[in-house]
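Protein chains in written order, with the working numbering: chain A, 1 to 192; chain B, 1 to 565.
What the hints contain is simulated information worked out from the structure, not anything from laboratory work.
Ideal placement from N, C-alpha and C gives every residue a C-beta, glycine not left out.
Among these hints, one or two may not hold up.
To be verified - Covered, in the sense of this in silico footprint (three residues per stretch, anywhere, with C-beta under 8 Å from a C-beta of chain B), are these stretches of chain A:
hint, stretch
1, 99-105
2, 127-139
3, 148-157
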Amino acid sequence: MKTVLIGGMGNVLLGDDGVGPYLLRLLASRYAFEKGVEIVDLGTPALDLLHRISKKGSVILIDSIDIGLPPGAVRLFTKQEIIRQGGSARLETHSPALTDTLLGAEFLGVCPEEVVLVGIQVESLEPGCTLSASVESALPRAMTETLHLLNRMGIKCHCRQEPEGSGIWWADAATPKSPLDLRGGAVPTTID
Amino acid sequence: MARITIDPITRIEGHLRIDVEVDNNAISNAWASCTMWRGIEKILRGRDPRDAWLFTQRFCGVCTTVHAMASVRAVEDALQLEIPLNAQYIRNLILIAHALHDHIVHFYQLSALDWVDVLQIPKADPAATSKLAESLSPWTGNSRLELKAAQDRVKAVAASGQLGIFQNGYWGHPAMHLSPDVNLLAFSHYVQALEYQRKALQVVGMLGSKTPHIQNLTVGGVANAIDLDTPGSLDMNRLEAIRILLDEVVRFVNEVYLVDVCAVAAMYPEWFKIGSGVKNYMAVPDLPLNGNGLAYDLPGGYIHAGDLAAVKTFQTAADPIFRQSVTEDVIHAYYQGDKPLHPWKGETEPQFTGWDGDKKYSWVKAPRFNGEPAQVGPLAQVLIGYAQGHPLTQKYTNAVIEKIAALGGPHATPAALHSTLGRHAARAIRACMLGELAHKHLQLLTENIAKGDYNVFNPPVFPDHEVEGVGTHEAPRGTLSHWIVIQDAKIKNYQAVVPSTWNASPRDGAGNHGPYEASLLGTPLARPEEPLEVLRTVHSFDPCMACACHAFDPSGRRIAQVKVL
Numbered sequence: 001m002k003t004v005l006i007g008g009m010g011n012v013l014l015g016d017d018g019v020g021p022y023l024l025r026l027l028a029s030r031y032a033f034e035k036g037v038e039i040v041d042l043g044t045p046a047l048d049l050l051h052r053i054s055k056k057g058s059v060i061l062i063d064s065i066d067i068g069l070p071p072g073a074v075r076l077f078t079k080q081e082i083i084r085q086g087g088s089a090r091l092e093t094h095s096p097a098l099t100d101t102l103l104g105a106e107f108l109g110v111c112p113e114e115v116v117l118v119g120i121q122v123e124s125l126e127p128g129c130t131l132s133a134s135v136e137s138a139l140p141r142a143m144t145e146t147l148h149l150l151n152r153m154g155i156k157c158h159c160r161q162e163p164e165g166s167g168i169w170w171a172d173a174a175t176p177k178s179p180l181d182l183r184g185g186a187v188p189t190t191i192d
Numbered sequence: 001m002a003r004i005t006i007d008p009i010t011r012i013e014g015h016l017r018i019d020v021e022v023d024n025n026a027i028s029n030a031w032a033s034c035t036m037w038r039g040i041e042k043i044l045r046g047r048d049p050r051d052a053w054l055f056t057q058r059f060c061g062v063c064t065t066v067h068a069m070a071s072v073r074a075v076e077d078a079l080q081l082e083i084p085l086n087a088q089y090i091r092n093l094i095l096i097a098h099a100l101h102d103h104i105v106h107f108y109q110l111s112a113l114d115w116v117d118v119l120q121i122p123k124a125d126p127a128a129t130s131k132l133a134e135s136l137s138p139w140t141g142n143s144r145l146e147l148k149a150a151q152d153r154v155k156a157v158a159a160s161g162q163l164g165i166f167q168n169g170y171w172g173h174p175a176m177h178l179s180p181d182v183n184l185l186a187f188s189h190y191v192q193a194l195e196y197q198r199k200a201l202q203v204v205g206m207l208g209s210k211t212p213h214i215q216n217l218t219v220g221g222v223a224n225a226i227d228l229d230t231p232g233s234l235d236m237n238r239l240e241a242i243r244i245l246l247d248e249v250v251r252f253v254n255e256v257y258l259v260d261v262c263a264v265a266a267m268y269p270e271w272f273k274i275g276s277g278v279k280n281y282m283a284v285p286d287l288p289l290n291g292n293g294l295a296y297d298l299p300g301g302y303i304h305a306g307d308l309a310a311v312k313t314f315q316t317a318a319d320p321i322f323r324q325s326v327t328e329d330v331i332h333a334y335y336q337g338d339k340p341l342h343p344w345k346g347e348t349e350p351q352f353t354g355w356d357g358d359k360k361y362s363w364v365k366a367p368r369f370n371g372e373p374a375q376v377g378p379l380a381q382v383l384i385g386y387a388q389g390h391p392l393t394q395k396y397t398n399a400v401i402e403k404i405a406a407l408g409g410p411h412a413t414p415a416a417l418h419s420t421l422g423r424h425a426a427r428a429i430r431a432c433m434l435g436e437l438a439h440k441h442l443q444l445l446t447e448n449i450a451k452g453d454y455n456v457f458n459p460p461v462f463p464d465h466e467v468e469g470v471g472t473h474e475a476p477r478g479t480l481s482h483w484i485v486i487q488d489a490k491i492k493n494y495q496a497v498v499p500s501t502w503n504a505s506p507r508d509g510a511g512n513h514g515p516y517e518a519s520l521l522g523t524p525l526a527r528p529e530e531p532l533e534v535l536r537t538v539h540s541f542d543p544c545m546a547c548a549c550h551a552f553d554p555s556g557r558r559i560a561q562v563k564v565l
């Protein structure tokens with residue numbers, strides 16, 4: 001059985017930095033996955049990420065990025081691309097955790113064959129529990145990209161008839177909105 | 001005179017910047033600053049106090065647990081709410097396991113490579129190293145084959161020309177002087193440490209439901225179901241599984257971590273004379289033994305100006321002396337305000353003016369105890385406990401002092417612990433103490449459950465009037481305190497005074513240096529353009545700036561940038 005980790009990374013208290021956990025929870029509320037797929041809100045895990053990815057078959061990490069793209073742009077990065085970032089400008093906003101973790105996992109011989117980062121360019125990282133409009137409107141595309149990625153990896157999932165509660169507990173109480181109200185486009189209902 | 005800037009200096013959750021002036025190859029002045037700003041407390045205003053811990057444990061990805069715990073304790077203090085014994089013991093076990101994990105990670109993954117030269121490892125002789133190791137410790141992971149495997153990994157990386165995870169070290173620096181064999185031995189433990197810190201984390205996960213971000217807390221207790229007849233709840237099988245994991249971690253701490261720290265100390269004796277700085281020390285008592293938190297297994301108190309004989313004792317985690325004596329000063333921090341404020345009155349209004357060493361230069365506020373800086377962390381707790389005659393602290397402090405001398409190092413006294421190596425030694429001492437206490441608290445929990453007490457929760461009741469509370473925790477990096485004001489069952493004000501703000505604090509209005517800054521003064525630098533000595537001292541505090549300041553460094557730099565001006 002293929003072991004897969006889908007992880008959402010980011011600090012849910014820092015505006016768009018929370019997009020990783022946000023999208024992860026949306027994904028889990030709408031889709032059911034086959035056995036062996038682990039879905040985890042990782043927060044900002046620093047070096048503990050090593051234990052999470054160690055010896056997995058495939059790893060998909062959803063995270064905010066800040067590399068000067070238009071806000072809400074979605075970009076995928078492979079393991080090699082993440083590692084190559086090494087000492088230069090940071091890629092996702094939780095370096096050094098990710099690059100160092102992958103380098104450490106490579107050194108120990110426990111790095112997953114396949115690691116893909118689904119990155120969403122942030123607009124604002126000011127303290128707060130709300131996504132900016134540009135990042136919120138990128139959610140359907142980021143989810144579609146993630147589903148296509150799962151498909152390419154041969155990981156089966158199906159759309160739930162009724163979405164489960166998303167558990168986005170941190171969303172700002174002052175401006176309630178339905179986390180399932182995805183603006184800006186349709187999301188595939190089936191992927192296999 | 002040369003000016004050196006190192007930015008960022010932490011290996012995790014970056015954003016600490018250090019500036020030093022160097023005169024005749026020694027540091028003559030120093031500034032510690034944080035390059036991010038914080039304001040997360042603002043998110044909490046107006047929310048339900050029972051939810052605060054879920055938010056506060058997102059301050060940081062490294063110390064999630066500690067902020068959750070300080071938060072529920074703050075609300076319980078405000079409500080004068082006792083918690084059941086089971087809840088207290090379960091919380092204590094989580095805190096102990098988290099701290100064991102954190103101390104192991106700190107020594108091996110975050111600071112050992114300041115002392116261990118990885119590129120010397122290919123020259124080592126695994127057979128001779130194994131023999132040396134057997135003379136130091138009964139640890140079974142020191143076989144020739146184990147050591148050779150670690151050496152082969154390093155050889156492969158060195159041969160590839162790509163140093164990978166080791167690309168940022170000061171290899172071959174003149175201040176590195178372990179033999180190739182000792183470098184190999186320490187490095188093989190760097191690899192093994194990953195396994196044991198994972199086991200400690202597993203204990204946090206088994207009791208806390210998830211890590212990172214435990215899920216089992218609640219104001220008034222914990223949400224662990226205890227039922228000896230229902231699989232899936234906390235039953236004797238699970239308690240036994242926890243005991244086995246703790247056994248393994250504790251053995252690693254006693255037979256590997258403690259021994260390695262003593263060996264490094266014996267071979268770098270000059271570092272007992274470097275890095276002292278602020279000799280005011282503060283720690284809060286922790287690991288409560290009853291529901292109302294009036295008896296503890298870890299001691300707290302205050303030492304002024306290094307005078308161990310005049311140590312003060314904090315009787316409780318919310319001791320009135322502690323409650324009344326803490327203020328935060330923002331004269332040299334990027335916030336509005338011109339006088340020190342008590343955390344309950346605390347304000348967090350940014351006023352960014354750019355780095356200016358004479359004026360404002362950090363996003364960290366300057367916490368002060370009775371108007372003076374205080375050093376926090378394992379060294380503070382060990383010195384305070386030792387000075388108070390705390391038996392467990394004395395037992396392991398004396399063991400470490402004897403071990404260092406037995407390995408050919410100096411015969412240190414507790415006073416010599418005011419130093420860079422003293423901070424490392426104290427952290428290892430504290431890890432051993434926690435190891436012993438882990439078993440004690442597991443036993444207390446097991447016995448209490450066996451008596452038929454399954455209670456884990458006392459419901460909170462919010463009064464009509466305004467109430468204030470402080471929740472403290474002696475976290476791996478030192479004294480953590482969350483300060484809350486509650487009105488109409490909503491949060492009116494919330495401030496977190498975290499360990500790294502005590503230690504990384506900038507100067508205050510009176511011009512007193514913070515502990516990082518003071519500890520660097522007078523430090524000799526062999527090669528100012530490769531300031532390894534600065535890293536050694538700053539890393540000995542175990543800096544983690546994510547909760548000292550929150551947010552993102554827009555410069556996007558991630559490796560240490562050293563500028564010599």
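Hints versus structure:
For the stretch 99-105 of chain A, the stated coverage by chain B holds: 4 residues have a C-beta nearer than 8 Å to a C-beta of that chain, and at least 3 were required. For the stretch 127-139 of chain A, the stated coverage by chain B holds: 3 residues have a C-beta nearer than 8 Å to a C-beta of that chain, and at least 3 were required. Given a C-beta distance limit of less than 8 Å, the hint that chain B covers the stretch 148-157 of chain A is violated, as 0 residues qualify and 3 are needed.
Against the hints set out earlier in the document, a violation occurs for number 3 only.
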